[in-house]
Structures are given as structure tokens and as C-alpha cells.
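Novice: In case you want the letters, here they are:
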Amino acid sequence: MSKSERPNPLFRNLNAKVASIPMILTAMVVFVGGTLWTVLYSFTNSKLLPRLNFVGLDQYYRLWATPRWLISIENLLIYGAISLVFSLVIGFLLAALLDQKIRFEDTFRTIFLYPFALSFIVTGLVWQWLLNPDFGIQHVVRDLGWTSFSFDPLYNSSIVIYGISIAALWQGTGLIMCLMLAGLRGIDEDIWKAARVDGIPMWKTYLFIVIPMMRPVFITTLVIIASGIVKVYDLVVAQTSGGPGIASEVPAKYVYDYMFFAQNLGQGFAASTMMLLSVAIVIVPWAYLEFGRRK
Amino acid sequence: MRYRLLTAALAATAALQFAGPAAATDLEVTHWWTSGGEAAAVAELAKAFDATGNHWVDGAIAGSGGTARPIMISRITGGDPMGATQFNHGRQAEELVQAGLMRDLTDVATKGKWTEVVRPKSLLDSCTIDGKIYCVPVNIHSWQWLWLSNEAFEKAGVPLPKDWNEFVAAAPALEKAGIIPLAVGGQAWQSSGAFDVLLAAVGGTDAFLKVYKDKDATFAAGPEVAKVFKAADDARKMAKNTNVQDWNQATNLVITGKAGGQIMGDWAQGEFQVAGKTAGKDYTCLPGLGLNEVIATGGDAFYFPVLKDADKSKAQEVLAETLLDPKTQVAFNLKKGSLPVRGDVDLNAANDCMKKGLAILAKGAVIPWTDQLLSQDTQKQKEDLFAEFFAKPELTVEAAQKRFADLIGSAD
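Chains A and B supply the protein sequences, listed in that same order.
In this text, residue positions in the first sequence follow this note's numbering: the first is 162, and each later residue adds one.
In this text, residue positions in the second sequence follow this note's numbering: the first is -10, and each later residue adds one.
For the record, the hints were derived by calculation from the structure and aren't laboratory data.
Be a bit skeptical, because a hint or two may be false.
As the list claims (entries may be wrong) - The list that follows gives simulated cross-link-like pairs (lysine-lysine, BS3-like), each with its CA atoms no further than 30 Å apart:
#1 B/Lys144 - B/Lys297
#2 A/Lys208 - B/Lys202
#3 B/Lys297 - B/Lys226
#4 B/Lys344 - B/Lys202
#5 A/Lys208 - B/Lys121
#6 B/Lys216 - B/Lys391
#7 B/Lys151 - B/Lys344
#8 B/Lys165 - B/Lys219
#9 B/Lys270 - B/Lys297
#10 B/Lys102 - B/Lys352
#11 A/Lys208 - B/Lys391
#12 B/Lys266 - B/Lys216
#13 B/Lys204 - B/Lys352
#14 B/Lys381 - A/Lys392
#15 A/Lys208 - B/Lys226
#16 B/Lys102 - A/Lys208
#17 B/Lys204 - B/Lys121
#18 A/Lys208 - B/Lys216
To be verified - Which residues of chain B face chain A? A partial, calculated answer using Cβ under 8 Å:
#19 Gly55
#20 Pro59
#21 Arg64
#22 Asp69
#23 Thr104
#24 Val106
#25 Asn232
#26 Asp235
#27 Ala380
#28 Lys381
For each residue, glycine too, the CB sits at the ideal point set by N, CA and C.
When you get a sec, could you build the whole thing from the sequences and use the hints?
Specialist: What follows is the structure in C-alpha cells.
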């Protein structure tokens, strides 16, 4: 970077550098500092207040022997797979359909994007009512005559996580659709014309030409979906608060409950460190491939 | 921490110097009493405190203690303490006291002769750390009650049970009449509390103390506790159709006769009162589930964070005295459905159920409660276990007992 003929690279664009100091400080102190602090204290037996009394990996042994944590991880994996696959597929399909130069496109786009304007808490409450067997979908269908119809995912331990995923998809797919639509609009008209001249069917054009060209959009979308998966908390709290029993618990809720309800900071920190680690396992190899290659 | 104590001491001396005219001081009091009966009771405390020329600023936090406590604790540790705050006396605020964030009330206690008036003595012991008193117990809340709906049993055509075993036997008849035999709300603390009650009732006082006080894991895995798990298995079968979350919704099922009974602390009584029901006529209570008539001395207490403001510190002392005042004690506890912490108050206005409780208290049949014996960490793990046990029929009694014994083995 620095070449000797330049006066002093440190003072180049001084205004911009001064202006970014607050953000750099925030990033270093709050994010990096907070993370390191959390990891450090996860090796202690801190209870209500943080104390530097090291106990090695005890908190981690306990964490991985706790049924609730294992259920949380399992739920996160199911929820993650569902929201990743379905929001990408449904989002892309909707975007491709909207891209067919249909009438009232604006209206449809608004309708599909609308749920995204609601917070997870509101979404959760709405779907809690819809899925409640006593006054939701099940009740309506039974009133129509199908009296043996049963649909109560939130009250059934083995499928409750799917009930939560439905709400998440309803809320999040609209945004994915918009991102995809923007990506589709970024494809040059000439590509389509060339494909048509060559006689390639439309689905093949999408699959083998358009999608590979939309790579940057897909990466952005993946990051947005993935961060939403790891941090899922409020949706569960609003819909089931972890129930029935502990069947719909998620890692973020475990962290919160053990830090604040159980007054066991060490255990909560250990769980949040595991969450960080799982994100790092996904991000690091990807970042290495993505950015390392160019050097 | 020493610095904080020093400032508090300075503040207290300053307060004495300015104590001339009694100016109205606002004191924020946080608590989680938000259901109908609870709100009526806390209004009595506010009235009594306002009568002293100060002003009670109500800081009610909705959503039960589990939601409220983290908020209170983060306010205290974060340097924005309230004037006074509710906790269950016992170990919930232990670390806050050790960190010097709570005010030492020994002087007020000596002046008010608390050691003589508060009974049973174990209440004040729970407030005492290293010989100093840090909290004011305001009531005794015992979990050991089975609330029965007379109407539901009439409808099912079975006689009112006299104990837990008869209740279990009556369950099929209730179910046939379309009544949920036992209402257990979905929140974790409710199923966990119900188990503790069964442990004290079916297992007996000794079993309860061996498990939670001595933390004897071998005993917890043994045949006596297996009996308790068998009873808990009955309970979860009887409760499987309860589709409500909050405890007062579950109590409401009993009030309206949609459920036969509920294992819940005496705070449920406030709900029966608000609904205009009479003990003995509309509903029946069985202390200790009719098997082992004991009362646990859990309950609520007020803690006073160390404050810098001299006027407020003075007002804290006034509030501490007001809370234990015989008149306040009677007014508050009648509304709350709990038992007063003083033995020398007149409770002729008490109803059937409260009188049963007072009689047990007078006999001295008391046990400490889990809030006093176990850390919050252990309590939470226990809640997770029983929330799962009550919601998941596939979790067998044996597997659950094994996990329970492991949990007791690592408890603190």
C-alpha cells in the first residue's frame, strides 16, 4: 500500500478516517470486545454476576448433556433446512412468475411483501391464533362439515417446529421474492433474446443461464436467510414459548433463559459461544473460498 | 462495593439531618402482581404507604416472576435501582446481597423487633445473610393446595374427594362428563411446582427434605421417589387436555367448573374471591393434597436496593415498617389469599381455607420451600424436566426419574 513518494498514507482522506472512528470503535469494543468477553467468561462458573473463577470446559460438558439443548439444536436444524430451501424456492418461483410481464404486478408485489412489514412477535401471535384448534383453521374447517379434521401443529410435540416454520415462511418469503425479482430485472434483455433465437426452452434458460448469472443476489439472500435462522427467538416466544413442554425450544432461547431466568451466566455464555462457533464453521470456509481465491 | 455502602451510610446521616418536615417522597416499587386478586392486594400496600405521607409509584411487571426478575436484576446491576422490589424470599437475590447492592435493614429490624413478631422464624432466616437482615417478608405462600370445583364433581355425579388418591380415582367419571380432571397450565413452573407438591404430599416431609435439602441423589433414584413419579404420571394423564398457559387461566377452568381441580399455591384463592366464589360452598381446598398437611414457607419479600438519594433512603425505611404493620398485614393478606407473617394479628375475617392454613401454621407443620433450598439454576433445570414430562407422554416415568436423580446429584 504505502509508497515512499506519498507524504503519509495515514493522513490521506483524513476526514473520512476521522468520521469512521466511532464505527470502528463500536465494532472493536462492542462486537469484538463483547464476543471475546463472552467466550472468556464461558469458561467460568459465573452465576448471577460475572466472576473470573475458571472451571475449564465444565459448562460445555453440561451443555451437551442437557436434553433441552439437544432438542434446541435439532429444532434449529429442521427450522433452518425448511426456511432455507422453501424460502429460496418459493421466493424464486414467485419472482419468476411476476417477471412474466403480468398485469397488476405492483399490486401482487405489495401483497407478497406485506407480511415482512410485521414483526416476528405480531406474526407469531397471528399464527398462534390461526393454528389454535379451538378458534383457528381447524375450527373453521370443522364448522364447514369436516368434523374429524385435525390440524393443531402447535399443540403436538412432534410437529410443532413445522408449525413455527410455516409462520416464518409466510413472513419472510416476500422479501426473498423482491430480492430475486431485482436480480431477474438485472439480467440483460439481450440474453433472453439470444436464448429465444437459439430455441432454448424458458425453464432451461432460467436454470442454466439466469440463475448462474444471479450468483451475487443468491449470496446476499443466503446471508439474510442464514442470519435469520440462527437468531430465531421472538417467533418461538410469541407462538409457543418453547412448548408444548420443551418441544419447540431454540438455542437463542436457551441462552436467554439460562442467563436471566436461571441466573447462570456461565451456562448461557457457553451456549452462545457454541452458537457463534456454529456460525463460524459455516462462514469461515465460505469466506475463505470467496475472498481467498482472488489474491 | 465498599464505596457504595459508604455513600449509603453518608446518605442515611444526611437524611437524619433533613428529616424535619415530612415531604412526600416518590418511591418506585417493582413487583409482578398483576392478576385480578394480586392487583387488589398490592393496592392495599400502596394505600398504607401513601398514608404515611409518601407516594407509592407502582412498577408492576406483567408476565409472572420469571419475566419480571431479569428486568429487576438488570436494573439493579445496571445502576438504575428502584426504591424497593419484590422477590421470593430465599436465594433469588442472594448474589445481589453479596455484591453489596442491597440495603442492610438490621437497624429497622431491631427497632421493630422483627425477630419477635415474625413467625415462623425460618422466614427471617431466609432474609438473613451473615447475620444481617436484607429483606422484609410480607406473606407466606404455600404451594400445597388442591383446589376443587364443587360444581364439576356434582355434574360428574361423584362425591367430593377428600385426598389425592380419591381424586385420581374420580378422574374417569369427570372425563366422562366432559370435564378436564386436573388443570395444569403450560408454563414450566406450574408443572414443576405441582411435582414438588406431590413429593411433599405423597412422599412425605422427610422425602421432600432428603431430596431438596440434603440433595441425596441415591434417594431420589429410589423406590420412595418412584411412588411420587407414579403420582406425577397420573397427574399428567389427568391434565392432558388443558390447553391454557397461565396459572390464572387454569384456575379459571376450575372456577367455571370446566376442570375438576388444580394443584396451585394459595394465591389461586385470590382468583376465587375476585370471581365471587365462597370457600366450602363453590370450591373446596385440600392442604397438602389431603395426605400430608404441611405448609411450605415460601412467599414474597421486599428488598431495598442501596440508593444515593437521602430522602428516598428514608422513605425506604418507612416502607419497610409499613409492610410489617399489623393492619397492613391483615388487609394485604386477606386480598392476596396468603398467610400473614405475624402471629399477633387478628384474622377473624379470614375464610375457610385461610383458617385451615393458619391452623397448620399454628401446629408448626412447616417445611422450607424450593425457593429457599435450591438455586435458580437448579430450579430452571427442574422446570425444563417437568415441562417436558407433562407435555410428552413418550417420556417414561423411569427415564424421567433417572434424569431427576442426576439433576439432584449436581444441584446447588
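Novice: So, for every hint listed, does it hold in this structure?
Specialist: Here's how the hints hold up against the structure:
1. B/Lys144 - B/Lys297: violated, 60 Å
2. A/Lys208 - B/Lys202: holds, 20 Å
3. B/Lys297 - B/Lys226: Violated, because 54 Å separates the two Cα atoms, which is more than 30 Å.
4. B/Lys344 - B/Lys202: The hint holds at about 29 Å.
5. A/Lys208 - B/Lys121: Judged against 30 Å, a Cα distance of about 22 Å means the pair holds.
6. B/Lys216 - B/Lys391: Holds: B/Lys216 and B/Lys391 sit about 13 Å apart, inside 30 Å.
7. B/Lys151 - B/Lys344: The hint holds at about 17 Å.
8. B/Lys165 - B/Lys219: holds, 23 Å
9. B/Lys270 - B/Lys297: violated, 52 Å
10. B/Lys102 - B/Lys352: Roughly 23 Å separates the two Cα atoms, so the pair holds.
11. A/Lys208 - B/Lys391: OK: A/Lys208 and B/Lys391 at ~26 Å, within 30 Å.
12. B/Lys266 - B/Lys216: violated, 35 Å
13. B/Lys204 - B/Lys352: Holds. B/Lys204 to B/Lys352 sits at ~27 Å (cutoff 30 Å).
14. B/Lys381 - A/Lys392: Roughly 26 Å between the alpha carbons, so the hint for B/Lys381 and A/Lys392 holds.
15. A/Lys208 - B/Lys226: violated, 36 Å
16. B/Lys102 - A/Lys208: violated, 34 Å
17. B/Lys204 - B/Lys121: holds, 27 Å
18. A/Lys208 - B/Lys216: violated, 34 Å
19. Gly55: holds, 5 Å
20. Pro59: At about 3 Å, which falls below the 8 Å cut-off, the nearest Cβ of chain A leaves the hint on B/Pro59 intact, so it holds.
21. Arg64: violated, 12 Å
22. Asp69: violated, 16 Å
23. Thr104: With Cβ-Cβ at 28 Å, over 8 Å, it is violated.
24. Val106: violated, 31 Å
25. Asn232: holds, 7 Å
26. Asp235: violated, 11 Å
27. Ala380: holds, 3 Å
28. Lys381: holds, 5 Å
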